[in-house]
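Keeping their order, the protein sequence lines are chains A and B. Counting with our numbering, you get residues 4 to 116 for the letters of the first sequence. Counting with our numbering, you get residues 30 to 139 for the letters of the second sequence.
Everything labelled a hint here was simulated from the structure, so no lab data went into it. We put the CB at the ideal spot given by N, CA and C, even for glycine. Do not take every clue at face value.
[As the list claims (entries may be wrong)] Okay, the calculated bits of chain A under chain B, using three or more residues with CB under 8 Å as the criterion:
(1) 34-45
(2) 104-114
[As the list claims (entries may be wrong)] When the alpha-carbon atoms are kept at most 20 Å apart in a straight line, the in silico EDC-like pairs for lysine to aspartate or glutamate are as follows:
(3) B/Lys134 with B/Glu34
(4) B/Lys96 with B/Glu32
(5) A/Lys10 with B/Asp87
(6) B/Lys134 with B/Glu44
(7) A/Lys68 with A/Asp100
(8) B/Lys31 with B/Asp95
(9) B/Lys85 with B/Asp95
(10) B/Lys99 with B/Asp36
(11) B/Lys96 with B/Glu44
(12) A/Lys68 with A/Glu57
(13) B/Lys31 with A/Asp100
(14) B/Lys85 with A/Asp103
(15) B/Lys134 with B/Asp36
(16) B/Lys96 with B/Asp36
(17) B/Lys85 with B/Asp107
(18) B/Lys126 with A/Glu99
(19) B/Lys71 with A/Glu61
(20) B/Lys126 with A/Glu61
(21) B/Lys71 with B/Glu32
(22) A/Lys10 with A/Asp29
(23) B/Lys71 with A/Asp29
(24) B/Lys71 with B/Asp112
(25) B/Lys71 with A/Glu57
(26) A/Lys68 with A/Asp103
(27) B/Lys126 with B/Glu34
(28) B/Lys85 with B/Asp112
(29) B/Lys126 with A/Asp100
(30) B/Lys31 with B/Glu44
(31) B/Lys99 with B/Glu44
(32) B/Lys126 with A/Asp103
(33) B/Lys126 with B/Glu86
(34) B/Lys71 with A/Asp90
(35) B/Lys31 with B/Asp107
(36) B/Lys96 with B/Asp107
(37) B/Lys126 with A/Glu89
(38) B/Lys134 with B/Asp112
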Amino acid sequence: SAVISQKPSRDICQRGTSLTIQCQVDSQVTMMFWYRQQPGQSLTLIATANQGSEATYESGFVIDKFPISRPNLTFSTLTVSNMSPEDSSIYLCSVEDRADTQYFGPGTRLTVL
Amino acid sequence: QKEVEQDPGPLSVPEGAIVSLNCTYSNSAFQYFMWYRQYSRKGPELLMYTYSSGNKEDGRFTAQVDKSSKYISLFIRDSQPSDSATYLCASEAGYQKVTFGTGTKLQVIP
Chain A
4 SAVISQKPSR
14 DICQRGTSLT
24 IQCQVDSQVT
34 MMFWYRQQPG
44 QSLTLIATAN
54 QGSEATYESG
64 FVIDKFPISR
74 PNLTFSTLTV
84 SNMSPEDSSI
94 YLCSVEDRAD
104 TQYFGPGTRL
114 TVL
Chain B
30 QKEVEQDPGP
40 LSVPEGAIVS
50 LNCTYSNSAF
60 QYFMWYRQYS
70 RKGPELLMYT
80 YSSGNKEDGR
90 FTAQVDKSSK
100 YISLFIRDSQ
110 PSDSATYLCA
120 SEAGYQKVTF
130 GTGTKLQVIP
């Protein structure tokens, strides 16, 4: 299984600012995913990030709000832009191994004031 | 209707009890079924993975899938306080988009 780390583990931010979350994997992976987990709700896929191509966003999520970078096969970033209190959530990155099994990072707990 | 429905709980059981966690799904295209365990302030951890109807056992954990009734279950035998966590069921149709339930919070009381 892949070992995934995320930075920061948590942050408290002011409305209108942006936060970039980093995701590092200990092995090369093709598929990386970014999820949001809000209290009482299921994990929601924000976008899929493949190295060398533009991220694919799910309905309800747009690149201007959640720009994603995927510069290589072990790293990705998600930026939460122009934040509002509604963006307070846990953001998780995940990867898929060759057996099509997803593994998750520890998450970034974001609070927007 | 959500594609994957899961009772959020919380579910509280005494140590040693058999725990039954359940989900239903509506998408007939789902082929793969997973259970994740998520401890507080941690990311989800894959617990069980199956792609067929029937039972799959791993130690104290048994995953059961009934495709005819679109029902997914996770059984935990001899439950331990360390099993206290939120359990998420998930399903995938095979094109890499995984749909998660909301999670059931389990507390095993010593």
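Worksheet item: Has the given pair, B/Lys96 with B/Glu44, been kept, meaning a C-alpha gap of at most 20 Å?
Response: 31 Å, violated
Worksheet item: Are 3 or more residues of the stretch 104-114 of chain A near chain B, judged by a Cβ distance of less than 8 Å?
Response: It holds, with 8 qualifying residues against the three required.
Fill in: Pair hint outcome, B/Lys71 versus A/Asp90 [Cα-Cα no greater than 20 Å]
Holds, at roughly 19 Å.
Worksheet item: For the pair supplied as a hint, B/Lys96 and B/Asp36, is the alpha-carbon distance within the 20 Å limit?
Response: 19 Å, holds
Worksheet item: Quick one, are B/Lys134 and B/Asp112 close enough, alpha carbons at most 20 Å?
Response: 10 Å, holds
Discussion item. Hinted pair, alpha-carbon criterion (20 Å max): B/Lys134, B/Asp36. Please report holds or violated.
Written reply: Judged against 20 Å, a Cα distance of about 9 Å means the pair holds.
Item to complete: Decide if the proposed pair is consistent with the structure: B/Lys85 and B/Asp107, CA atoms, cutoff 20 Å inclusive.
Response: 17 Å, holds
Worksheet item: Is it true that the CA of B/Lys126 sits at most 20 Å from the CA of A/Glu99?
Response: 11 Å, holds
Worksheet item: Are the Cα positions of B/Lys31 and B/Glu44 separated by 20 Å at most?
Response: Violated: B/Lys31 and B/Glu44 sit about 32 Å apart, past 20 Å.
Discussion item. B/Lys31 and A/Asp100 were given as a pair; does the straight-line alpha-carbon distance stay at or below 20 Å?
Written reply: Violated, at about 27 Å.
Discussion item. Checking one constraint from the list: CA of B/Lys126 to CA of B/Glu86, max 20 Å. Satisfied?
Written reply: 25 Å, violated
Worksheet item: Are B/Lys126 and A/Asp100 close enough, with their CA atoms no more than 20 Å apart?
Response: 14 Å, holds
Of the hints listed earlier, those the structure fails to meet are numbers 5, 7, 11, 13, 19, 21, 25, 26, 30, 31, 33, 35, 36, 37, in rising order.
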